[in-house]
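Protein chains in written order, with the numbering used here: chain A, 153 to 469; chain B, 69 to 366; chain C, 131 to 430.
Hints listed in this document are in silico derivations from the structure and should not be mistaken for laboratory results.
Warning: the hint list may mix true and false statements.
[Stated by the list, open to error] Dumping the calculated DSS-like pairs for lysine-lysine here, alpha-carbon to alpha-carbon at most 30 Å:
{"hint": "1", "chain 1": "C", "residue 1": "184", "chain 2": "A", "residue 2": "275"}
{"hint": "2", "chain 1": "A", "residue 1": "351", "chain 2": "C", "residue 2": "373"}
{"hint": "3", "chain 1": "C", "residue 1": "246", "chain 2": "B", "residue 2": "76"}
{"hint": "4", "chain 1": "A", "residue 1": "304", "chain 2": "C", "residue 2": "195"}
{"hint": "5", "chain 1": "C", "residue 1": "245", "chain 2": "B", "residue 2": "229"}
{"hint": "6", "chain 1": "C", "residue 1": "195", "chain 2": "B", "residue 2": "229"}
{"hint": "7", "chain 1": "B", "residue 1": "244", "chain 2": "C", "residue 2": "373"}
{"hint": "8", "chain 1": "A", "residue 1": "253", "chain 2": "C", "residue 2": "184"}
{"hint": "9", "chain 1": "B", "residue 1": "358", "chain 2": "B", "residue 2": "244"}
{"hint": "10", "chain 1": "B", "residue 1": "358", "chain 2": "C", "residue 2": "246"}
{"hint": "11", "chain 1": "C", "residue 1": "317", "chain 2": "B", "residue 2": "76"}
{"hint": "12", "chain 1": "A", "residue 1": "316", "chain 2": "C", "residue 2": "195"}
{"hint": "13", "chain 1": "B", "residue 1": "232", "chain 2": "C", "residue 2": "142"}
{"hint": "14", "chain 1": "B", "residue 1": "358", "chain 2": "C", "residue 2": "245"}
{"hint": "15", "chain 1": "C", "residue 1": "195", "chain 2": "A", "residue 2": "269"}
{"hint": "16", "chain 1": "A", "residue 1": "269", "chain 2": "C", "residue 2": "184"}
{"hint": "17", "chain 1": "B", "residue 1": "70", "chain 2": "C", "residue 2": "317"}
{"hint": "18", "chain 1": "A", "residue 1": "314", "chain 2": "C", "residue 2": "195"}
{"hint": "19", "chain 1": "C", "residue 1": "142", "chain 2": "A", "residue 2": "314"}
{"hint": "20", "chain 1": "A", "residue 1": "316", "chain 2": "C", "residue 2": "373"}
{"hint": "21", "chain 1": "B", "residue 1": "76", "chain 2": "C", "residue 2": "245"}
{"hint": "22", "chain 1": "A", "residue 1": "351", "chain 2": "C", "residue 2": "195"}
{"hint": "23", "chain 1": "B", "residue 1": "232", "chain 2": "B", "residue 2": "244"}
{"hint": "24", "chain 1": "B", "residue 1": "242", "chain 2": "C", "residue 2": "142"}
{"hint": "25", "chain 1": "C", "residue 1": "184", "chain 2": "A", "residue 2": "351"}
[Unchecked claim] Pulled from the structure, derived: some chain C residues nowhere near chain B, Cβ distances all over 12 Å:
{"hint": "26", "residue": "144"}
{"hint": "27", "residue": "184"}
{"hint": "28", "residue": "318"}
Using N, Cα and C, we set each Cβ at its ideal position, and we do this for glycine too.
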Amino acid sequence: MQFKKKSWIMALALTSVVALSACGNNGGNNAATNNTGNNTAANNTQNSSAELSGSILASGSTALQPLVEQVAERFMETNTGVDIQVQGGGSGTGLTQVAEKQVDIGNSDVFAEEKLKDDDAEKAAALVDHQVAVVAIAAVSHPDAGVDSLTKQQLVDIFTGKIKNWSEVGGADQAIQIINRPASSGTRATFETFALGTKTEDLQGSIQEDSSGTVKKMIGETPGAIGYLALSYLDDSVKTLNYDGVEPSVDNVISGDYPVWAYQHMYTNGEPTGAVKAFLDYFLTDEVQTTDVVELGYIPASQMQVSRDVEGNVTTK
Amino acid sequence: MKPRTADKIATTVIVALALLIVAILIGLLGYILVRGLGHISWDFLTSAPQKIRAGGGVGPQLFNSLFLLVLTLLITVPLGLGAGIFMAEYARPGRLTNFIRLIVEVLSSFPSIIVGLFGLLLIVNYFDLGFSLVSGALALTVFNLPLMVRITEQAFRAVPKQQKEAGFALGLSKWKIVTSVLLPVALPTIITGTILSAGRVFGEAAALMFTAGMSSPRLDFSNWNPLSPSSPLNPFRPAETLAVHIWKVNSEGLAPDAAEIAAGASAVLVITVLIFNLAARFFGRYIYRKLTASKRMN
Amino acid sequence: MSVKPKKTRLEKHHIEDLIGRSYMSLCVLLLVVIIVSMVYFVASKGLANFFSGKVSLSEFFGGTKWAPDAETPSYGALPFISGSFLVTLLAALIASPLSICAALFMTEIVPSWGKKLLQPVIELLSGIPSVVYGFVGLSVIVPFLRDTFPGQGIGVFAGALVLSVMILPTITSVAADALAALPQNLKESSFALGATRWQTISRVILPTTFPAIMTGVVLGMARAFGEALAVQMVIGNAPFVPKSLFESASTLTSVITLSMGNTTMGSTHNNALWSMALVLMLMTFLFVLVVRMLERRNKI
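Model the full assembly from the supplied sequences, consistent with the hints where possible.
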């Protein structure tokens, strides 16, 4: 009953749309496009040696979206038969949609196991992880805070509200204003796990913004502000703080000296095939890793000298 | 205090506050235009956005906004006209009519974020239309439709009774009266209302972030086949509109000139809404004059 | 064709009439279908946590701790609910006097050109998209507040200021309509008694039109309560009941925009956000109900 009603709305709406696009048999075709290439991609494997074709739909992390879009554009230049659409929506959306096979690739800045847990744990098990890049996160402050470096313990004390003034860590006499991320944020999860080593509770009066652009603007404008940003967002408007004396530089991340980093994941539901596989393989080639990935401020996953698993155990390659 | 002094003081306060509102508007518009106009050029309006380099434009976004508007109006105008005429001319006063009016009221005051979430759940995920122009248009329909119904109903009610009675006296059927007598008279009001409501559609962002998506695939403006994924006309592609683009550039923009792009895009958006406002006035007056003049000639 | 079996031949206009009528009924039915499905879907998602027992009603509506990612998660939504009410009431408090003055200016002080001046202003203000309001709020209002008041500029007051400008047009236009609809003789008799304009306004006009003006205020509050992006950009989003007006706080809409995309469908966290959407929806019903009650009082 309920379904009948719904399909009826759709029928009405579709009719008008189809009428506009002036093609009567549109409905059937685009159902296929939107159900995404699972079928199309599968068909392609049969003649995969020939030119690739099909459509790939990716969605998820807004932080990863610019990179995937850029690589997709380059991929489509050489493989004209493939159409790749990259959408945002957030890591949670991407993981949900790839788990339900609504998209081919789910982009996420956290491990799927961290989002899909408890009842959804088996969904996460079906997903195959492709780590395409690494993002390092640095603690940053307002330029006038007067501090160059903070230890892990100092950061913990600041983010748990024990230290309230920059003078307590050797800086200017200025109250500390925390610019945090919401509890659901992947960036916050990374920062808490690898920089603080503990989950922190939100503090009364702290500011929370989800988007890196806004966070950067706030830290640059608010006296005494502290927060954290991905390396790609750093510029002169904010002061980058060393962590336990280690500078958050690309080299230090690659060597494993700077610990606050996380993989950028592209998940597929089951092992990828056809155009999806070709695209993900292309992503990991040096051609992409040393150009687009670097250009957009990420660190190539292929160059990392250390690797890390879901539990956060680091091993040297 | 003497009544006369109180009167003077009160009048001054009222005038001052009224002028404050004018000042707020001028300040707002001034700020947006001063910051944004310098950045607007033909190139800005037509070129595609750049991710990390400066000099990106808002061409696809502007096109998406307009196309989405057209799609939405194509869905809502016929439906809104139908329901509006029903409410004005056919519905008998009673519980049911009252109930429907309540629904129209509730629908039009739903927060747009609720509409967006509903769209995400039902249209994007359940019907599997994905983030697409169609999903966006359907979500926008949810709050544009009640507006259209109200506009139509009010326009029909405003038609003088004598016109309808004259039609009945001529023995015309009700349908004939509605389409040939009442509709032409009500049309100017309906058109004005539609254009004004279009302004709201144009600036909507919260509902579209969850439905039309926040990405814009490469568009090939020489490909006008609506079935092709890279065609601008394909209604099943994801589309970032201008308002959503402002939101995204403001929050996630990596381009060095992100602030200028946001300012420029805001100015474009405001100017477009201004044009809608002026067009609504002009069209309403023009059609009214034309229709009434042709009446006199017959 | 079985509708009228007696008639052997249906005339053209009968068929036209029938088609027109059924098409229009369908359109109306569509409205009903939309609202029923919206309520059904939002409610089914929003109530899921309560039915599965993962979050209790008392925790959701009474809890002040929002920590969905903690070891022992807690889902108290009171900070968001109170934040929404706080900014909405503040915005209405700021906007109402301004709007009523503007309406008086248009109808009572200078009826000759006041409407010509303010009408386009009001229409334009209502046409400015909410992202633009948020953008201006972040780049003008927040720095201004930071320099003038204690705190970081961001917070409840910044949100209320942005919202108050956004709801000005709603209140003003409803109030102006109400004032214009007032019978002329009411005012004239007051003037005839020797009352000044302000006496007439404060003793006669405003008391008589009070319910109608309140309708406008409530409609404005409904808009403020549901506004998402502009508020989210300037309010700071800390999940706490604020202790001062210049402290970062959250609203229902702001936490939904922030977290909806980052959580997976079906998770407790995600469903808690849907519960908040349900609260927003119920509030919309409440606002419409109040408006109806006021309108009824206005008629008598």
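Against the structure, the hints:
1. A distance of roughly 20 Å separates the Cα atoms of residue 184 of chain C and residue 275 of chain A; the hinted pair therefore holds under the 30 Å criterion.
2. Pair hint residue 351 of chain A plus residue 373 of chain C holds up; C-alpha atoms about 24 Å apart against a cutoff of 30 Å.
3. In summary, the hint linking residue 246 of chain C to residue 76 of chain B is supported, as the alpha carbons are separated by about 23 Å, within the 30 Å threshold.
4. Between residue 304 of chain A and residue 195 of chain C the alpha-carbon distance is near 26 Å, which keeps this suggested pair within the 30 Å criterion.
5. Proposed proximity of residue 245 of chain C and residue 229 of chain B is supported: the alpha carbons are some 29 Å apart, at most 30 Å.
6. Straight-line distance between C-alpha atoms of residue 195 of chain C and residue 229 of chain B comes to about 60 Å, which puts the hinted pair past the 30 Å bound.
7. Simply put, residue 244 of chain B and residue 373 of chain C have alpha-carbon atoms about 64 Å apart, too far for the 30 Å limit, and the pair is violated.
8. Between residue 253 of chain A and residue 184 of chain C the CA atoms are separated by roughly 27 Å; this keeps the pair inside 30 Å, and the hint holds.
9. Between residue 358 of chain B and residue 244 of chain B the CA atoms are separated by roughly 21 Å; this keeps the pair inside 30 Å, and the hint holds.
10. A threshold of 30 Å between alpha carbons decides the hint, and for residue 358 of chain B with residue 246 of chain C the separation of about 24 Å falls inside it, so the pair holds.
11. The straight-line distance between the Cα atoms of residue 317 of chain C and residue 76 of chain B is roughly 18 Å, inside the 30 Å bound, and the hint therefore holds.
12. The suggested pairing of residue 316 of chain A with residue 195 of chain C holds, with an alpha-carbon distance near 22 Å, which does not exceed 30 Å.
13. Taking the CA atoms of residue 232 of chain B and residue 142 of chain C, the gap is near 21 Å; set against the 30 Å cutoff, the hint holds.
14. Taking the CA atoms of residue 358 of chain B and residue 245 of chain C, the gap is near 26 Å; set against the 30 Å cutoff, the hint holds.
15. For the given pair, residue 195 of chain C sits about 22 Å from residue 269 of chain A by alpha-carbon distance, which is consistent with the 30 Å threshold.
16. This hinted pair checks out: residue 269 of chain A and residue 184 of chain C have alpha carbons roughly 14 Å apart, not beyond 30 Å.
17. A distance of roughly 21 Å separates the Cα atoms of residue 70 of chain B and residue 317 of chain C; the hinted pair therefore holds under the 30 Å criterion.
18. With a CA separation close to 19 Å, the supplied pair residue 314 of chain A and residue 195 of chain C stays within the 30 Å bound.
19. Proximity of residue 142 of chain C to residue 314 of chain A is assessed by CA-CA distance (about 83 Å); at most 30 Å being required, the pair is judged violated.
20. Simply put, residue 316 of chain A and residue 373 of chain C have alpha-carbon atoms about 18 Å apart, close enough for the 30 Å limit, and the pair holds.
21. Between residue 76 of chain B and residue 245 of chain C the CA atoms are separated by roughly 21 Å; this keeps the pair inside 30 Å, and the hint holds.
22. Between residue 351 of chain A and residue 195 of chain C the CA atoms are separated by roughly 15 Å; this keeps the pair inside 30 Å, and the hint holds.
23. The straight-line distance between the Cα atoms of residue 232 of chain B and residue 244 of chain B is roughly 10 Å, inside the 30 Å bound, and the hint therefore holds.
24. Restraint check for residue 242 of chain B and residue 142 of chain C: satisfied, since their Cα atoms lie roughly 13 Å apart, inside the 30 Å limit.
25. The hinted pair formed by residue 184 of chain C and residue 351 of chain A meets the criterion: a straight-line CA distance of about 22 Å does not exceed 30 Å.
26. A beta-carbon of chain B is positioned within 12 Å of the beta-carbon of residue 144 of chain C; the least distance is around 7 Å.
27. Consistency note on residue 184 of chain C: stated as away from chain B, and its beta-carbon is indeed over 12 Å from all of that chain's, at 19 Å minimum.
28. The Cβ of residue 318 of chain C sits about 17 Å from the closest Cβ of chain B, beyond the 12 Å cut-off, so the non-interface label holds.
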